[in-house]
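*Asks:* Single-letter residue listing:
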Amino acid sequence: MKILEVKDLTVKIENNIILEDVNLEVEEGEIVAVVGPNGGGKTTLIKTCLGFIKPTKGYIKLLGKPPREAIKTGKVGYLPQKSSIPKNFPYSVLDVVLLGLINKKLSKKEKIEIALQYIEYVGMKGFEHAPYSKLSGGQQQRVSIARVLVADPKIIFLDEPSTGIDVVAQESFYDFLQRLRKEKGLTIIMVSHDIGVVGTFVDKVAGLNRKLHYYGDTKGFFQKHILENLYGSEVKLLVHSPECVTCEHFHIQDLH
Amino acid sequence: MELLTIPFMQNAIIGGMILAVLLSVLSLFINLKNWSFITVGISHATFGGLAIGFFLGLSPSLVGGIFAVAVGLLIGYISKKGDIHEDISIGILFSMSMALGVIFITLTPNYNSDLFTFLFGNILTMTREDIYILLIFSILSIGFIWINFQKIMYCCYNEEVAFVSGIHTGFYYYSIITIISIATVLAVKLVGVILASAMMILPVAFANQIFWHYKKILITAITFSILMVLGGIYISYEYNLPSGATIVFLYSLIFSLLFFIKRLIPKG
Numbered sequence: 001m002k003i004l005e006v007k008d009l010t011v012k013i014e015n016n017i018i019l020e021d022v023n024l025e026v027e028e029g030e031i032v033a034v035v036g037p038n039g040g041g042k043t044t045l046i047k048t049c050l051g052f053i054k055p056t057k058g059y060i061k062l063l064g065k066p067p068r069e070a071i072k073t074g075k076v077g078y079l080p081q082k083s084s085i086p087k088n089f090p091y092s093v094l095d096v097v098l099l100g101l102i103n104k105k106l107s108k109k110e111k112i113e114i115a116l117q118y119i120e121y122v123g124m125k126g127f128e129h130a131p132y133s134k135l136s137g138g139q140q141q142r143v144s145i146a147r148v149l150v151a152d153p154k155i156i157f158l159d160e161p162s163t164g165i166d167v168v169a170q171e172s173f174y175d176f177l178q179r180l181r182k183e184k185g186l187t188i189i190m191v192s193h194d195i196g197v198v199g200t201f202v203d204k205v206a207g208l209n210r211k212l213h214y215y216g217d218t219k220g221f222f223q224k225h226i227l228e229n230l231y232g233s234e235v236k237l238l239v240h241s242p243e244c245v246t247c248e249h250f251h252i253q254d255l256h
Numbered sequence: 001m002e003l004l005t006i007p008f009m010q011n012a013i014i015g016g017m018i019l020a021v022l023l024s025v026l027s028l029f030i031n032l033k034n035w036s037f038i039t040v041g042i043s044h045a046t047f048g049g050l051a052i053g054f055f056l057g058l059s060p061s062l063v064g065g066i067f068a069v070a071v072g073l074l075i076g077y078i079s080k081k082g083d084i085h086e087d088i089s090i091g092i093l094f095s096m097s098m099a100l101g102v103i104f105i106t107l108t109p110n111y112n113s114d115l116f117t118f119l120f121g122n123i124l125t126m127t128r129e130d131i132y133i134l135l136i137f138s139i140l141s142i143g144f145i146w147i148n149f150q151k152i153m154y155c156c157y158n159e160e161v162a163f164v165s166g167i168h169t170g171f172y173y174y175s176i177i178t179i180i181s182i183a184t185v186l187a188v189k190l191v192g193v194i195l196a197s198a199m200m201i202l203p204v205a206f207a208n209q210i211f212w213h214y215k216k217i218l219i220t221a222i223t224f225s226i227l228m229v230l231g232g233i234y235i236s237y238e239y240n241l242p243s244g245a246t247i248v249f250l251y252s253l254i255f256s257l258l259f260f261i262k263r264l265i266p267k268g
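Chains as they are written, first to last, in my numbering: chain A, 1 to 256; chain B, 1 to 268.
Among the clues, some could well be false.
Said to hold, decoys possible - Heads up, simulated DSSO-like pairs for lysine-lysine below, C-alpha to C-alpha not over 27 Å straight-line:
1) A:72 - B:33
2) B:216 - A:87
3) A:87 - B:215
4) A:57 - B:81
5) A:82 - B:216
6) A:154 - B:151
7) B:33 - A:134
8) B:215 - A:54
9) A:72 - B:151
10) B:80 - A:125
11) B:262 - A:108
12) A:125 - B:151
13) A:82 - A:111
14) B:80 - A:72
15) A:87 - B:81
16) B:262 - A:47
17) B:262 - A:109
18) B:215 - A:111
19) B:80 - A:12
20) A:82 - B:215
21) A:109 - A:154
22) A:54 - B:80
23) B:81 - A:72
24) A:111 - B:81
25) A:108 - B:151
26) B:151 - A:54
27) B:151 - A:105
28) A:211 - B:81
29) B:33 - A:82
30) A:87 - B:262
31) B:81 - A:47
32) B:262 - A:111
33) A:109 - B:216
34) A:211 - A:224
35) B:81 - A:61
36) A:87 - B:33
37) B:216 - A:108
38) B:215 - A:104
39) A:47 - B:151
40) A:134 - B:215
Derived from the structure by calculation, the hints contain no laboratory data.
Could you put the whole structure together from the sequences, leaning on the hints where they help?
*Replies:* This is the structure:
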């Protein structure tokens, strides 16, 4: 089932074309990474999909509806860039997760029960009453995911989820996303400046630099002309591959 | 305790305590949203409105209130849209309002109030009527915040996330800006337009240094603020000092002391 459809999308902000004729479709249960250089329109695409920005041309259908209608169903989750959350936000882990249930018609006791289940699910049991602001980047990200999951979404949008997280935490975070897709059938759309993530953790890649230079599976993405079109210069890649056993998991990918 | 028997002092103490509670609650959102400069902008803009009220022979508080709300909403709109950097727009708006204020004060015939009172406040000017208005407004504002607290906090956490969760973020954003603007006008008689913003920034900034959870932060901020207002009024009465300046100086002094003491004591 088509869960997201972006058709002929153009977005202009103050006469600058940020996105131009973007077309893509996402099926239910897919993990899609939107990659590209800084300023290439990745975050704008996510924000347009969520209804924060109106398309100049074209349209978006999320869960078969215009974005603002889709949001009202409560089936859409959003995890913004970490830097957009106040550093000293004065809430405990439980308080933050409960925010995700703010519009659900449940008793306070039921809400707490659900929130505690998801805190455990994301591996944060024992931290329920800990200050959110004092957690590490990776832990905060897990709590934020729990906040999104309590609302029982069908699709979640993640904006640069790996920023501010160390490499080990990043890997376990991506593993966790795959587990989410498997266990909950979630569709995940993730913006990332890190194209290393593409090789191992996602089903489809959207290479975006104002225009959509590539949309398809991960194998087809690592081609010289695609990467050069996308990044505008010669690109050398250091890709981490779990299948590689001969060179301690790191090798330079030969570009075709 | 002689000062408790003087009617204008009673007014100042009651009014000061109500203001301390209201502004401390608002201080939580102002600190979370980094709205210090917006608050400074609104409080300075109030001056223009008060002066226009005097010039037109209308209630300065009413005209000042309408003017402050209009400027507050404009600042809020500009900073939300982000077309111009908000510091620049606030800087222009509050300089313009202050300039307008000075011009209208000068043009007002038989103007016998002291300009200094507007700028730095004077507890002598606080009347019973002011207290009733302040009390009703504080009950309504705190009631609104109480009912919608989690939704407002969700907007402070991240407006876009709150929006995706189905919160009417624009409504809460402009409601809080409106409450801050009116509260500023009401604070003018106690501490004046220049110092009003301190009472909206320092209480939670102080409490933040001791506690991390919002409930403890709010209780500490309100207690701290009430003590500073009472202490300021007492000291200004005993030593014949200007009340507004004494109150705000006390706020800043105790905040700074805690700030340095915390850094001098080794952690662990």
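*Asks:* Going through the earlier hints one by one, which of them does the structure break, listed in rising order?
*Replies:* 8, 10, 11, 16, 17, 24, 32
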